[in-house]
Amino acid sequence: MSISAFVLFWAAIFTSNILLTNFLGMCSYLSVSREVESSFGLGVAVIFVLTVTAGLNWVAHHYILVPLNIVYLEYIVFIIVIAAFVQLLELIIERYVPALYYTLGIFLPLITVNCAIFGVSLFLVIRNYNFLQSIAFGAGSGIGWLLAILMLAGIRAKLKEKLVPVGLQGAGISLIITGIMALGFVGFSGIVSVQ
Amino acid sequence: MVSLRIRYITTVLDDIMKQTPQEIKIDKRMQPGVITLSGFLGDDTRHYHEIIETDEQTLENLGKTPEEIADRMQYFTDASWNSYDTPLEIENKFVVETEVVRGKLPCPFSHPGVYRKAVTRLTNTELGLTISWSSLNLHMIKEHHFFEGSGSVFRIEPELLVKVLF
Amino acid sequence: MALRIIYDILALTGVCAAFAVLLVIAQKFLSNYGEMKININGKRDLTVKGGNSLLSSLGDQQIFIPSACGGRGSCGACKCKVTEGGGPLLPTEKPLLSKAELADGIRLSCQVKVKSDISIVIPESIFNIRKYKARVAEIIDYTYDTKGITFELLEPSKIDFKAGQYVQIETKPYAKMKQKVVRAYSISSKPEDEKTLQLIIRLVPEGICTTWVHNYLQLGEEVNLTGPYGDFYLRDTNADVIFVAGGSGKAPIKSMLEHLEVVGTDRKMTYFFGARTTKDLYLTEYMQHFEKALPDFTYVPVLSHATPEENWQGKTGFVMPFFKDAIRDPKNTEAYLCGSPGMIAAVTKSLVEHGLAADKIYYDSFG
Numbered sequence: 104m105s106i107s108a109f110v111l112f113w114a115a116i117f118t119s120n121i122l123l124t125n126f127l128g129m130c131s132y133l134s135v136s137r138e139v140e141s142s143f144g145l146g147v148a149v150i151f152v153l154t155v156t157a158g159l160n161w162v163a164h165h166y167i168l169v170p171l172n173i174v175y176l177e178y179i180v181f182i183i184v185i186a187a188f189v190q191l192l193e194l195i196i197e198r199y200v201p202a203l204y205y206t207l208g209i210f211l212p213l214i215t216v217n218c219a220i221f222g223v224s225l226f227l228v229i230r231n232y233n234f235l236q237s238i239a240f241g242a243g244s245g246i247g248w249l250l251a252i253l254m255l256a257g258i259r260a261k262l263k264e265k266l267v268p269v270g271l272q273g274a275g276i277s278l279i280i281t282g283i284m285a286l287g288f289v290g291f292s293g294i295v296s297v298q
Numbered sequence: 017m018v019s020l021r022i023r024y025i026t027t028v029l030d031d032i033m034k035q036t037p038q039e040i041k042i043d044k045r046m047q048p049g050v051i052t053l054s055g056f057l058g059d060d061t062r063h064y065h066e067i068i069e070t071d072e073q074t075l076e077n078l079g080k081t082p083e084e085i086a087d088r089m090q091y092f093t094d095a096s097w098n099s100y101d102t103p104l105e106i107e108n109k110f111v112v113e114t115e116v117v118r119g120k121l122p123c124p125f126s127h128p129g130v131y132r133k134a135v136t137r138l139t140n141t142e143l144g145l146t147i148s149w150s151s152l153n154l155h156m157i158k159e160h161h162f163f164e165g166s167g168s169v170f171r172i173e174p175e176l177l178v179k180v181l182f
Numbered sequence: 053m054a055l056r057i058i059y060d061i062l063a064l065t066g067v068c069a070a071f072a073v074l075l076v077i078a079q080k081f082l083s084n085y086g087e088m089k090i091n092i093n094g095k096r097d098l099t100v101k102g103g104n105s106l107l108s109s110l111g112d113q114q115i116f117i118p119s120a121c122g123g124r125g126s127c128g129a130c131k132c133k134v135t136e137g138g139g140p141l142l143p144t145e146k147p148l149l150s151k152a153e154l155a156d157g158i159r160l161s162c163q164v165k166v167k168s169d170i171s172i173v174i175p176e177s178i179f180n181i182r183k184y185k186a187r188v189a190e191i192i193d194y195t196y197d198t199k200g201i202t203f204e205l206l207e208p209s210k211i212d213f214k215a216g217q218y219v220q221i222e223t224k225p226y227a228k229m230k231q232k233v234v235r236a237y238s239i240s241s242k243p244e245d246e247k248t249l250q251l252i253i254r255l256v257p258e259g260i261c262t263t264w265v266h267n268y269l270q271l272g273e274e275v276n277l278t279g280p281y282g283d284f285y286l287r288d289t290n291a292d293v294i295f296v297a298g299g300s301g302k303a304p305i306k307s308m309l310e311h312l313e314v315v316g317t318d319r320k321m322t323y324f325f326g327a328r329t330t331k332d333l334y335l336t337e338y339m340q341h342f343e344k345a346l347p348d349f350t351y352v353p354v355l356s357h358a359t360p361e362e363n364w365q366g367k368t369g370f371v372m373p374f375f376k377d378a379i380r381d382p383k384n385t386e387a388y389l390c391g392s393p394g395m396i397a398a399v400t401k402s403l404v405e406h407g408l409a410a411d412k413i414y415y416d417s418f419g
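The listed protein sequences derive, respectively, from chains A, B and C. If you use this note's numbering, the first sequence corresponds to residues 104 to 298, in order. If you use this note's numbering, the second sequence corresponds to residues 17 to 182, in order. If you use this note's numbering, the third sequence corresponds to residues 53 to 419, in order.
A portion of the hints provided could be inaccurate.
[What the hints assert, rightly or not] The list that follows gives simulated cross-link-like pairs (lysine-lysine, DSS-like), each with its CA atoms no further than 30 angstroms apart:
1. Lys158/B to Lys146/C
2. Lys41/B to Lys331/C
3. Lys131/C to Lys199/C
4. Lys151/C to Lys165/C
5. Lys120/B to Lys265/A
6. Lys101/C to Lys165/C
7. Lys331/C to Lys120/B
Derived by calculation from the structure, the hints in this document are not laboratory data.
If we strip away everything but chain A, and leave its shape as in the complex, we get (with noise of 0.2 angstroms):
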């Protein structure tokens, strides 16, 4: 692809926002928009494990699964490199910044989960970019997520769940709000492309 890296990168962010244009990675989103501050620690590992496992799935696609011809098999891989990454992560985590360990908690298996990490490498491979394409729309897909889930709950902190009629109360709000969000990012459309 012709497109550079460094556009991409800002793409992932605005005009294809894995959350709200994609709606991927909605589980954790829902759930833990509900603080502020958790929000932003499951964001920033969000953003980490992104740019990382883009990166490392990148490399397992060409070097792993292209020449072995099991291409096929390419989710239970990804899926496998994922979960390995967030498991030595999370040990190096402990080992040597236990403040942050404790601070993030139970947030680092989460990520493993989180559906946004695995499309994030299934597209590189569908729109075939090259490595530093990869990481920079790694990079981007995660700060994009970490600004929807931000969004979210900074909303939620201020909405008066009161004034909500019962049936809509929690997900159904949220969920509501995410696609006037997700409009919102319409905008941006047309100003930059990921492929």
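Starting from the structure of chain A, add chains B and C where the hints point.
For chains B and C alone, kept in the frame of chain A given last:
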């Protein structure tokens, strides 16, 4: 070890979908056999958030805040603190006594701090009604607006509290 | 075709295996802290496996720092002074430590992980605390809600404690209880009985341990105990003594009286047992036996709610009004109180008014 991890993640998945990790921890601590014998939820199937919101709504309709109720409970507990093993008559229509047993309990809301096992029994002689609460109940009502799930041994209905206390 | 499938499966297995190996190596390297040294009070050095909490590392070495919450960071009972090592202060410790304690290097030993050599300072009395495996030898029903349980110590087979101290007993999972909990009870038997100890346990509504003891514990069952703990014990002086304890508070007093019977004493002692009705009285004849066995001991049960049907001939009301008859020289009188904090406050006030020195009033406020 990785497989153990994946198994752990999948069992956590269900809960994660609907609650933050902190909420899951609190919910676990409210189950029977973790902090108290019968737990804090009784046979209530609602999530503790819902229980709190419903009770807060009831109190708003009755015109009292949980803090007011907790302060009034504290007033009775303090008054009867020193007359151990003996009921005390207050304001001509309340008979109250507090009994303490050894040990302290942590709060299920997972913040640090432990609470004495002190149970206060209050009788409103005018209405002929008796209610009892523990120090932990008092704390949970004041700080967390939590009155425990319906069917729980230590749950006191907010309406009953308002009727008896004031 | 089949070959292709086998080949692909092998390839996938190979990839998984490679990652598994990578993680195992990483864990060995990252989670393995090797052996660390714990220096205690500047005198003793322990070598432990690094990476675990200070509390559990010491526990593995048979040094038991008191803990009421089992190492979860809720109770703050496991405070310990760390002079070197220990790592940065963790967010789980801060809420339970005061500024003075933090300045003094006090940490929560259940949260501090031994990731490097560490030096700590702990009181000498902690070395006497051991974990015991014991067997239920006898269960006596004292009242409708109070039982006396005698435990035979198996391993270690002897316990060294002062009359008045308490132990912690570990429950076993039962009924809806999936986990074990730890609860404290005063020792009611004399220290001279080194191979056994008795606890007096009263059934508390919704109590995890008392329900287990009253409804599930069988003769011959093995339980784990840890102890002895506590600063409440009989002082070896010649002063007169006033005991005040009702209900299960009688346990440490029983221990003290049995001990005095064995060692012999001519101290003037009075024991005020406050209760509500005759149903709450127990071991009355045993106390009357002490009146004969000890040269100057008087047992004074005082009931606050005796009904006319019970035909109670003894004293009624609160215990405080009867103190003055028992005190002959307030400056040479000690008091031992065991009960609720409210009782202790009220009785202490009365005793001080009668002229006793506040530092000669020892108490166990069920803390």
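- Item | Structure versus earlier hints, numbers of those that do not hold, lowest first | Hints 2, 3, 5 not satisfied by this model.
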